[in-house]
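As they're listed, the protein sequences go chains P and S.
231 is the number that numbering that gives the first Met the number 0 gives to position 232 of the first sequence; each next residue is one higher, with no gaps.
157 is the number that numbering that gives the first Met the number 0 gives to position 158 of the second sequence; each next residue is one higher, with no gaps.
Among the hints, erroneous ones may be present.
Per label pair, the in silico range of CB-to-CB distance [unchecked claim]:
id : chain 1 : residue 1 : chain 2 : residue 2 : range
1  : P       : Gln132    : S       : Asp16     : 50 to 60 angstroms
2  : P       : Asp16     : S       : Gln87     : 33 to 43 angstroms
3  : P       : Gly134    : S       : Ser322    : 28 to 38 angstroms
Bear in mind the hints are in silico, worked out from the structure with no lab data behind them.
Cβ atoms here follow ideal geometry from the backbone N, Cα and C, with glycine treated the same way.
Protein chains: 2
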Amino acid sequence: MSALPMTSSTALNPPLDTNLWSQNHLARVEQALSLWVGDGAPAGLGDAMRYAVLDGGKRLRPLLVLAAYEGARSGSSDSTAPEGGAVQAALDEAALRAACAVELIHAYSLVHDDMPCMDNDVLRRGKPTVHVQFGEAQALLAGDALQAFAFELLTPDNTLIPAATQAALCRLLARAAGSAGMAGGQAIDLASVGVALTEAQLRQMHRLKTGALLQGSVLMGALCGHAAPAAYQALSDYGAAMGLAFQVVDDILDVVADSATLGKTAGKDAAADKPTYVSLLGLERAQAYAQELLAEAHAALGRSGLPDTRALAALADMVVRRSH
Amino acid sequence: MSALPMTSSTALNPPLDTNLWSQNHLARVEQALSLWVGDGAPAGLGDAMRYAVLDGGKRLRPLLVLAAYEGARSGSSDSTAPEGGAVQAALDEAALRAACAVELIHAYSLVHDDMPCMDNDVLRRGKPTVHVQFGEAQALLAGDALQAFAFELLTPDNTLIPAATQAALCRLLARAAGSAGMAGGQAIDLASVGVALTEAQLRQMHRLKTGALLQGSVLMGALCGHAAPAAYQALSDYGAAMGLAFQVVDDILDVVADSATLGKTAGKDAAADKPTYVSLLGLERAQAYAQELLAEAHAALGRSGLPDTRALAALADMVVRRSH
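Excised from the complex, chain P in its bound form:
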């Protein structure tokens, strides 16, 4: 990410050094994941869990959590009050735990998605997939354990994170990950191979398959930051538009990029006869659609009323402009 020109939603703030912001926040996420993932697991399982999660990935979802958290905090009436440092630290910890939890859900879904009975993929983030490296049984278990661990991370004992926040984070994550979210979208995807979908059906599939967890990341951050209802709704709209844009761009990259750039097998959707935005709309219209969705995301940030949504704006730009 590079520095961005100011938009209407960031008019009161100087341009954000998005590279620096991103580096700082990524460092916190990587450190926390490295500390937590696989801790206390039997050796083989812990190795597979760490392999699946560490040292790879753009960490888009954790960054969305943290950006939404900071955006919500910037508009919170208590953000400048001289409240106890312990309360602030508890909110920060909740956001960091939420950031790691969504990444664990994402990582587990990739492990299971790559397995022979699903996409049968051997390359992920430029490395052998988990089942290639550790065997199918261990990959299955590692995915299962990562999902459970996401909810464990959200419910620490002996913490100042309020129980209401813990329960609400679990609620958001479970819905985003489950049959009315990510897993549901994958099931629709499974049933759609070789089937002609309408644009509405394709949108519904992606709204669940990738959109739900991306939007859920934004909502979890907004929750930790105590966003007011109107701001929460605007951030929800931002998450929906950005999540759909992510998938449209994914479909475009599957066609225009090569495997080395993607770090995974390119062209596999077309090879598997899966419906995509490119197959449905053609390349040019799909690219235009991604730009429309980006504009929608920015507009939602504008009406959030939050003073500082620069990081969220930058992340939406990154989603649409990325090359992998």
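Mind docking chain S on chain P? Use the hints.
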């Protein structure tokens, strides 16, 4: 289950009609599961989820939740106070949701465990396993969605169930299901095929693989029933002994029962060269060990100080005396 003679822990109460108790509570669990599981899921996925959960299974874990809940309530200072019916209803609802949630975790673990890359089993509860019926990909997704749904069930919106209860239930379930619980035990199991384990190693494997979720069921019920710390600890001890007894008996049944009685493939542990209590101790000593653990479970109930632990006592008896 049949009516049991009174033990020291039930001296103040008449014998429990365990058949009636069990029927009443099973009916509530079945009704709730039938109402909730697969609701809102895409058709194929919802069908697989319902197939995996409904119309089968002893529902031991849900019954443990409800028995522990009622036991804890019997000793709670507020159990006879004229508190609001709404509060009591919220506690009842929390226990029922917890009962269903542990069954969802159990059901998902069976779906994944039966898959070709794990035990490759085709028969479960007398029916074709989920991957045989719906295909491997759908079975993988159904298991994943069931795990997420367990946490969704524990965190309802618009409820009187306190957030602290919701968060604590998620904490207990995530730990029981994850890498330091059920999934961890399965990983040790995976690594133990053809390996000579000591009794301590075998106990540790089973403490995680089946014991953690059985004990977790008891603890979730105790939590919903507001058990005092001493009673909570005694119920935890009960859960540990009963959980281990369950596995010892499982190992015995794998040797002495046939597939028709078990509703699953008999003799598969020996065929897979997996260490069991029977292979380690011999049949007679394994049977004696199960009786010792049953006595331990009853002793723990005795020191719980709870006035009515009849249902928990009956369930422990059922675990050890079952024929399948």
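Please test the hint of 33 to 43 angstroms on the beta carbon pair from Asp16 of chain P and Gln87 of chain S. violated, 56 angstroms
CB-CB spacing for Ser322 of chain S and Gly134 of chain P relative to the 28 to 38 angstroms hint: With a Cβ separation near 35 angstroms, Gly134 of chain P and Ser322 of chain S satisfy 28 to 38 angstroms, so the hint holds.
Honestly, do Gln132 of chain P and Asp16 of chain S meet the 50 to 60 angstroms range at C-beta? Hint holds: Cβ distance 55 angstroms, inside 50 to 60 angstroms.
When each numbered hint is compared with the structure, a violation occurs for hint 2 only.
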